Amino acid sequence: MTEDSTAQELMAAYGISLEEETAEEYRGLLVVAEGQQGQVSEASLAALGVGRDLADAFGARLEVLLLGAGEDQAPGLISRGADAVLLPQAPAAYQAQAWLAALVSAVQTRRPEVVLLAGTDITRDLAPRAAQCLDTGLIGGAQELRAEADERLVVGIVPLYGGRLLGEFACPVRRPQFIALAEKVGRVPSEDRWRTGEVVHLPA
Amino acid sequence: MRIAICLKPVPDLATAYVSKSRGELVEQSKRVPNPADENAMALALSLRDGGEVAVFTVGDEAAPDALRPLLAMGADRAYLVDDEQAQGGDALADAKALAAAIRKAGDFDLVLCGASSLVHEVGQLGPRLAEALGLPHATRVTSAQVSGATVSFSRAGSLGEGSLSLPAVLTVEPGCNSPPLPNAITVMKAARKPIDSVSVEELALEPDQVGAAGAAVRLRLTQLPEP
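Those sequence lines, one after another, are chains A and B. If you number the first sequence the way my numbering does, the last residue is 214 and the count never jumps. If you number the second sequence the way my numbering does, the last residue is 319 and the count never jumps.
In case anyone wonders, no lab produced these hints; they're calculated from the structure. Bear in mind that the values here come from a model prediction, so they are computed numbers and not experimental data. A couple of the hints might just be wrong.
Claimed, not checked - For lysine to any residue, the following SDA-like pairs were computed, each having C-alpha atoms within a straight-line distance of at most 25 angstroms:
1) A:Lys-194 - B:Gln-315
2) B:Lys-112 - A:Gly-172
3) A:Lys-194 - B:Leu-316
4) A:Lys-194 - B:Lys-122
5) B:Lys-122 - A:Gly-173
6) A:Lys-194 - B:Lys-196
7) B:Lys-285 - B:Lys-112
8) B:Lys-122 - A:Leu-176
9) A:Lys-194 - B:Glu-318
10) A:Lys-194 - B:Pro-317
11) B:Lys-285 - A:Pro-101
12) B:Lys-196 - A:Asp-145
13) B:Lys-122 - A:Pro-169
14) B:Lys-112 - A:Leu-64
15) A:Lys-194 - B:Thr-314
16) B:Lys-112 - A:Arg-156
17) A:Lys-194 - B:Leu-251
18) A:Lys-194 - B:Lys-285
19) A:Lys-194 - B:Val-124
20) B:Lys-112 - A:Glu-178
21) B:Lys-112 - A:Pro-169
22) A:Lys-194 - B:Gly-267
23) B:Lys-112 - A:Tyr-171
24) B:Lys-122 - A:Glu-154
25) B:Lys-112 - A:Asp-145
26) A:Lys-194 - B:Leu-311
27) A:Lys-194 - B:Val-211
28) B:Lys-112 - A:Leu-175
29) A:Lys-194 - B:Asp-288
30) B:Lys-196 - A:Pro-169
31) B:Lys-122 - A:Asp-145
32) A:Lys-194 - B:Met-93
33) B:Lys-112 - A:Gly-173
As the list claims (entries may be wrong) - Which residues of chain A face chain B? A partial, calculated answer using Cβ under 7 angstroms:
34) Ala-56
35) Gln-83
36) Asp-131
37) Gly-150
Backbone N, C-alpha and C define an ideal beta-carbon position, used for all residues, glycine too.
One chain only, chain A, in its complex shape (with noise of 0.2 angstroms):
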């Protein structure tokens, strides 16, 4: 593997197949966490809160993808909302090509129907090459989501043309939707003690 392979490249070397599933396949949502200097990112716990709210919404399971912090941060992650955390095979700080295969990875293996990401340098980064490697739409930007139970369908409301329009968009047939926050989005939800989940160690 050379350091320009595709997420796809890799993903062929370890025998993951990108063939395509329908949408019924999909299901429960996925947020990325961010780690900075070992701790979960304020963004990334808001993200959690916004991600719970969908979750509700459409009787959903929520896993979290944490990177770049450890294992020592999963029960923050279940008492504020995650029904399991996953940990994946890569390394503490950014790396691009590693974290993405980790992400793609986990939807493949996962097959959630939303990824849910904060807006960060690093989602930015990460977020458009990931949908664009499994072939699917990320609504980036969104300052607010909308839950359509019925379609099991996640609406963004981006601002367009610095604010001057608001747009509503949706992935109606892809999967999974993936959906980048806009900046300060959310807020930290409070920690529930009594939640329980697991902690899954994901495989290299």
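Please arrange chain B on chain A, whose structure you already have, making use of the hints.
Relative to the frame of chain A, chain B by itself:
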């Protein structure tokens, strides 16, 4: 260096206005280059070292209005995917069309585009293009230098400095440099530079991969923000 620039023609916000009754933008003059793409063009000019700079865009008959300013800035030629089937695409579909057009035009050392657009403030095209081309990428580049087969760059935001081996895709932060203004001579020269029309068939793409048929994300409606 052979450098490809991906251009997004955008409405001219100096003259466009928002229709309250229709809840949409009404354009009143020709399309213009996305400002961040002009910054990408300026970076390309600083790195070209002779070589060639080519501009690629997916668009319709309004697109040449936005291509000519970049030709006036110093690009050598342009490629326009103006096939009807390629229109109305989202970032997923457009990245496929542009990647195919870039590959067909030959090997480029660098592919540059704006990091964001006037339309949506968060850019997707650059990383998508990189994935479609199988190249490494970096976003929000504010300055760059090439030495041998390596490009080193600074980035806006928290990702800081970095480097990649060529060929690579860079997205360029709006406002990071000063694109040259056109003058009468460069505009005249630009009128003679080629804008080649490219069809979906020539790109060996299936119709369901590009344009509205290939789009994953749809804009369902636009509305005014709450006051």
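Each hint tested on the structure:
1. For the hint pairing Lys-194 of chain A with Gln-315 of chain B, the CA-to-CA distance comes to about 22 angstroms; that is within 25 angstroms, so the pair holds.
2. For the suggested pair Lys-112 of chain B and Gly-172 of chain A, the alpha carbons sit about 16 angstroms apart, so the restraint of at most 25 angstroms is met.
3. The straight-line distance between the Cα atoms of Lys-194 of chain A and Leu-316 of chain B is roughly 21 angstroms, inside the 25 angstroms bound, and the hint therefore holds.
4. For a cut-off of 25 angstroms, the pair hint linking Lys-194 of chain A to Lys-122 of chain B is broken: about 35 angstroms separates their Cα positions.
5. As the CA atoms of Lys-122 of chain B and Gly-173 of chain A are separated by approximately 21 angstroms, the hinted pair is consistent with the 25 angstroms bound.
6. With a C-alpha separation of about 42 angstroms, the suggested pairing of Lys-194 of chain A with Lys-196 of chain B is violated against the 25 angstroms cut-off.
7. About 40 angstroms separates the Cα atoms of Lys-285 of chain B and Lys-112 of chain B, which puts this hinted pair outside 25 angstroms; it is violated.
8. At roughly 23 angstroms between alpha-carbon atoms, Lys-122 of chain B and Leu-176 of chain A fall within 25 angstroms of each other, so this suggested pair holds.
9. Simply put, Lys-194 of chain A and Glu-318 of chain B have alpha-carbon atoms about 18 angstroms apart, close enough for the 25 angstroms limit, and the pair holds.
10. Taking the CA atoms of Lys-194 of chain A and Pro-317 of chain B, the gap is about 18 angstroms. The hint holds against a cut of 25 angstroms.
11. About 48 angstroms separates the Cα atoms of Lys-285 of chain B and Pro-101 of chain A, which puts this hinted pair outside 25 angstroms; it is violated.
12. Under the criterion of a C-alpha separation no larger than 25 angstroms, the hint pairing Lys-196 of chain B with Asp-145 of chain A is consistent with the structure, at around 21 angstroms.
13. For the given pair, Lys-122 of chain B sits about 23 angstroms from Pro-169 of chain A by alpha-carbon distance, which is consistent with the 25 angstroms threshold.
14. Proximity of Lys-112 of chain B to Leu-64 of chain A is assessed by CA-CA distance (about 31 angstroms); at most 25 angstroms being required, the pair is judged violated.
15. Our distance criterion of 25 angstroms between C-alpha atoms is met by Lys-194 of chain A and Thr-314 of chain B, whose separation comes to about 22 angstroms.
16. Between the alpha carbons of Lys-112 of chain B and Arg-156 of chain A the distance comes to roughly 23 angstroms, so the proposed pair stays at or under 25 angstroms and holds.
17. Taken as a hint, the Lys-194 of chain A and Leu-251 of chain B pair is honoured in the structure, with Cα atoms around 19 angstroms apart against an allowance of 25 angstroms.
18. Annotation: proposed proximity of Lys-194 of chain A to Lys-285 of chain B is violated, straight-line Cα distance about 45 angstroms (limit 25 angstroms).
19. Straight-line distance between C-alpha atoms of Lys-194 of chain A and Val-124 of chain B comes to about 31 angstroms, which puts the hinted pair past the 25 angstroms bound.
20. For the hint linking Lys-112 of chain B to Glu-178 of chain A, the alpha-carbon distance of about 16 angstroms falls within 25 angstroms, and the restraint holds.
21. Of the pairs offered as hints, the one joining Lys-112 of chain B and Pro-169 of chain A holds, with about 16 angstroms between alpha carbons and a cut-off of 25 angstroms not exceeded.
22. In summary, the hint linking Lys-194 of chain A to Gly-267 of chain B is supported, as the alpha carbons are separated by about 23 angstroms, within the 25 angstroms threshold.
23. Taking the CA atoms of Lys-112 of chain B and Tyr-171 of chain A, the gap is about 15 angstroms. The hint holds against a cut of 25 angstroms.
24. Annotation: proposed proximity of Lys-122 of chain B to Glu-154 of chain A is violated, straight-line Cα distance about 32 angstroms (limit 25 angstroms).
25. Straight-line distance between C-alpha atoms of Lys-112 of chain B and Asp-145 of chain A comes to about 36 angstroms, which puts the hinted pair past the 25 angstroms bound.
26. About 23 angstroms separates the Cα atoms of Lys-194 of chain A and Leu-311 of chain B, which keeps this hinted pair within 25 angstroms; it holds.
27. Restraint check for Lys-194 of chain A and Val-211 of chain B: satisfied, since their Cα atoms lie roughly 20 angstroms apart, inside the 25 angstroms limit.
28. With a C-alpha separation of about 10 angstroms, the suggested pair Lys-112 of chain B and Leu-175 of chain A falls inside the 25 angstroms cut-off, and the hint holds.
29. A hinted pair counts as satisfied when its Cα atoms are at most 25 angstroms apart, and Lys-194 of chain A with Asp-288 of chain B does not qualify at roughly 43 angstroms.
30. For the hint linking Lys-196 of chain B to Pro-169 of chain A, the alpha-carbon distance of about 35 angstroms lies beyond 25 angstroms, and the restraint is violated.
31. For the given pair, Lys-122 of chain B sits about 33 angstroms from Asp-145 of chain A by alpha-carbon distance, which is inconsistent with the 25 angstroms threshold.
32. Note on Lys-194 of chain A and Met-93 of chain B: the hinted pairing is violated, with a Cα-Cα distance of about 40 angstroms set against a maximum of 25 angstroms.
33. Under the criterion of a C-alpha separation no larger than 25 angstroms, the hint pairing Lys-112 of chain B with Gly-173 of chain A is consistent with the structure, at around 14 angstroms.
34. With its C-beta approaching chain B no nearer than about 17 angstroms, Ala-56 of chain A sits outside the 7 angstroms limit, and its interface hint is violated.
35. Because the beta carbon of Gln-83 of chain A sits about 19 angstroms from the nearest beta carbon in chain B, more than 7 angstroms, this interface hint is broken.
36. At a threshold of 7 angstroms, the smallest CB-CB gap from Asp-131 of chain A to chain B is about 4 angstroms, leaving the interface hint in force.
37. Interface restraint check for Gly-150 of chain A: the shortest CB-CB distance to chain B comes to about 4 angstroms, inside 7 angstroms, so the restraint holds.
Hints 4, 6, 7, 11, 14, 18, 19, 24, 25, 29, 30, 31, 32, 34 and 35 from the earlier list are contradicted by this structure; the remaining hints agree with it.
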